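Undergrad: Can you make the complete structure from the sequences, with help from the hints?
Chains as they are written, first to last, in the working numbering: chain A, 1 to 165; chain B, 1 to 101.
Simulated from the structure, these hints should not be mistaken for laboratory data. Owing to the predicted nature of the structure, the values given are computational and were not obtained by experimental measurement. Be aware that a few hints might be false.
Quick partial rundown of chain B residues pointing at chain A, CB under 8 Å, derived from the structure [stated by the list, open to error]: (1) His6; (2) Leu8; (3) Phe15; (4) Met33; (5) Val44; (6) Arg51; (7) Phe52; (8) Gln60; (9) Val68; (10) Val74; (11) Val76; (12) Ala96; (13) Ile98; (14) Gly101.
Pairwise CB distance ranges (calculated) [said to hold, decoys possible]: (15) B:Ala54 - A:Ile102: 22 to 28 Å; (16) A:Ser27 - B:Val66: 26 to 32 Å; (17) B:Gly53 - A:Val100: 46 to 52 Å; (18) A:Pro124 - B:Arg88: 46 to 52 Å; (19) A:Ile102 - B:Gly3: 19 to 25 Å; (20) A:Ser94 - B:Leu99: 22 to 28 Å; (21) A:Leu139 - B:Ile35: 23 to 29 Å; (22) B:Ile80 - A:Val47: 32 to 38 Å; (23) B:Val66 - A:Pro124: 34 to 40 Å; (24) A:Thr108 - B:Lys100: 36 to 42 Å; (25) B:Leu99 - A:Phe72: 23 to 29 Å; (26) B:Arg86 - A:Trp9: 44 to 50 Å.
Chain A is nowhere near these chain B residues, computed Cβ spacing over 10 Å in every case [said to hold, decoys possible]: (27) Asp97; (28) Leu99; (29) Lys100.
Using N, Cα and C, we set each Cβ at its ideal position, and we do this for glycine too.
One-letter residues, chain by chain:
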Amino acid sequence: MTAADYVFWVFAIVTIVSGAVVVFARSLIYSAFALLFTFFGVAGLYVLLGADFLAATQLLVYVGGILVLLLFGVMLTHRIYDLDLQTEKTQIWSGFFVAVGIFVILVTIALKTEWPTAALAPAPTTAGIGRLFLGEYLLAFEAASVLLLVALIGAAMIVRRKKDA
Amino acid sequence: MIGLSHYLIVSAALFSLGILGLLTRRNAVNVLMSIELILNSANVNLVAFSRFGAGNLDGQVFAVFVIVVAAAEVAVALAIVLTMYRLRRTPNLDDADILKG
Chain A
1 MTAADYVFWV FAIVTIVSGA VVVFARSLIY SAFALLFTFF GVAGLYVLLG ADFLAATQLL
61 VYVGGILVLL LFGVMLTHRI YDLDLQTEKT QIWSGFFVAV GIFVILVTIA LKTEWPTAAL
121 APAPTTAGIG RLFLGEYLLA FEAASVLLLV ALIGAAMIVR RKKDA
Chain B
1 MIGLSHYLIV SAALFSLGIL GLLTRRNAVN VLMSIELILN SANVNLVAFS RFGAGNLDGQ
61 VFAVFVIVVA AAEVAVALAI VLTMYRLRRT PNLDDADILK G
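TA: Shown next as structure tokens:
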């Protein structure tokens with residue numbers, strides 16, 4: 001095994017173990033902080049895959065934005081002194097069987113298929129992604145910006161108190 | 001040697017964990033976290049195929065779009081959860097049954 005292989009296993013284990021903590025932790029706060037490590041692990045996997053721009057985006061958007069937003073959600077929907085935020089679980093066994101079934105099917109497909117093995121040499125990707133955004137994917141890029149604007153206005157509209165209107 | 005299938009298996013594990021959380025958790029914020037796990041696993045797949053299969057950057061562009069949609073989705077979803085909490089005083093999804101006939 002080369003050094004890169006060890007790094008892959010470290011990031012894979014960090015990702016999966018903290019992902020399991022997100023799902024199985026009894027306290028919401030633990031779930032939120034485990035999600036932080038999952039996002040870091042996925043960012044590490046991006047680096048190993050040679051996606052430098054995407055790893056930076058993952059850290060900025062997920063860790064800096066979405067995780068903070070989720071923590072706000074945790075804090076605003078619970079009493080803040082209630083450190084022991086228990087969350088109930090339901091339909092454990094049926095959910096467990098569905099999840100294990102999906103996992104077995106996906107792993108079987110991943111192992112049985114003959115995948116191409118030729119990997120690209122790692123190269124900086126930011127310039128290429130920028131050219132694709134403003135060239136081939138220009139329409140989708142503009143649609144995404146409209147989507148973000150609509151989500152911004154919509155979220156502000158939904159949480160607005162009616163009497164302030 | 002780490003190949004494409006290793007990344008696919010990590011992504012499959014993350015996806016299954018997300019499905020499990022989606023099905024078993026009753027807290028709305030926790031369900032949102034599970035959705036983020038699922039979206040991240042899809043992104044790992046896209047980037048892995050971009051590196052090993054296609055040999056171009058299209059998969060990474062798709063992953064950026066997934067991140068954009070995830071950000072928009074979590075903002076709107078949290079607004080809905082907060083409104084639900086204000087109306088019903090609970091973040092529990094099973095209690096949000098006003099529209100149930």
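Undergrad: Decide, hint by hint, whether the structure agrees.
TA: Hints, verified against the model:
For histidine 6 (chain B), the suggested interface contact is upheld, since its CB lies about 7 Å from the closest CB of chain A, less than 8 Å. For the restraint placing leucine 8 (chain B) at the interface with chain A, the shortest Cβ-Cβ distance is roughly 4 Å, inside the 8 Å limit, so the hint holds. For the restraint placing phenylalanine 15 (chain B) at the interface with chain A, the shortest Cβ-Cβ distance is roughly 7 Å, inside the 8 Å limit, so the hint holds. About 5 Å separates the beta-carbon of methionine 33 (chain B) from the nearest beta-carbon of chain A, less than 8 Å, and the hint is met.
Interface restraint check for valine 44 (chain B): the shortest CB-CB distance to chain A comes to about 6 Å, inside 8 Å, so the restraint holds. Of the supplied interface hints, the one on arginine 51 (chain B) holds, with its beta-carbon coming within about 5 Å of a beta-carbon of chain A, less than 8 Å. Hint on phenylalanine 52 (chain B) holds. Least Cβ distance to chain A is approximately 5 Å, under the 8 Å limit. Look at glutamine 60 (chain B): its Cβ gets to within about 5 Å of chain A, closer than 8 Å, so that hint holds up.
Nearest Cβ of chain A to the Cβ of valine 68 (chain B): about 5 Å, under the 8 Å cut. The hint holds. For valine 74 (chain B), the shortest C-beta to C-beta distance to chain A is roughly 5 Å, which falls under 8 Å, so the interface hint holds. Interface restraint check for valine 76 (chain B): the shortest CB-CB distance to chain A comes to about 5 Å, inside 8 Å, so the restraint holds. Here the hint on alanine 96 (chain B) is broken, as its CB sits about 12 Å from the closest CB of chain A, past 8 Å.
This hint is violated: isoleucine 98 (chain B) has a C-beta 16 Å from the nearest C-beta of chain A, more than the 8 Å allowed. Restraint check, glycine 101 (chain B) versus chain A: the minimum CB separation of about 21 Å is more than 8 Å; hint violated. The hinted range of 22 to 28 Å is satisfied by alanine 54 (chain B) and isoleucine 102 (chain A), whose Cβ atoms lie roughly 25 Å apart. Between serine 27 (chain A) and valine 66 (chain B) the beta carbon distance is about 29 Å. The supplied range of 26 to 32 Å therefore holds.
For glycine 53 (chain B) and valine 100 (chain A), the Cβ-Cβ distance of about 27 Å falls outside the hinted range of 46 to 52 Å, so the restraint is violated. The given range of 46 to 52 Å is respected by proline 124 (chain A) and arginine 88 (chain B), whose C-beta atoms sit roughly 50 Å from each other. Checking the proposed 19 to 25 Å range against isoleucine 102 (chain A) and glycine 3 (chain B) shows it holds: the Cβ atoms sit about 22 Å from each other. Between serine 94 (chain A) and leucine 99 (chain B) the beta carbons are some 24 Å apart, a value that agrees with the proposed interval 22 to 28 Å.
For the pair leucine 139 (chain A) and isoleucine 35 (chain B), the supplied restraint of 23 to 29 Å holds, since their beta-carbon distance comes to about 26 Å. In this structure the supplied range 32 to 38 Å holds for isoleucine 80 (chain B) paired with valine 47 (chain A), their Cβ-Cβ distance being about 34 Å. Here the CB-CB span from valine 66 (chain B) to proline 124 (chain A) is close to 21 Å, at odds with the stated 34 to 40 Å. Our hint of 36 to 42 Å for threonine 108 (chain A) and lysine 100 (chain B) holds, since their Cβ atoms are close to 38 Å apart.
Range check, leucine 99 (chain B) to phenylalanine 72 (chain A): Cβ separation about 26 Å, and the 23 to 29 Å hint holds. Our hint of 44 to 50 Å for arginine 86 (chain B) and tryptophan 9 (chain A) holds, since their Cβ atoms are close to 45 Å apart. At the 10 Å boundary, the C-beta of aspartate 97 (chain B) stays outside the reach of chain A, the nearest C-beta of that chain being 14 Å off. The non-interface label for leucine 99 (chain B) is consistent with chain A: the shortest C-beta to C-beta separation is roughly 16 Å, beyond 10 Å.
Every beta carbon of chain A lies more than 10 Å from that of lysine 100 (chain B), the smallest distance being close to 16 Å; the non-interface claim holds.
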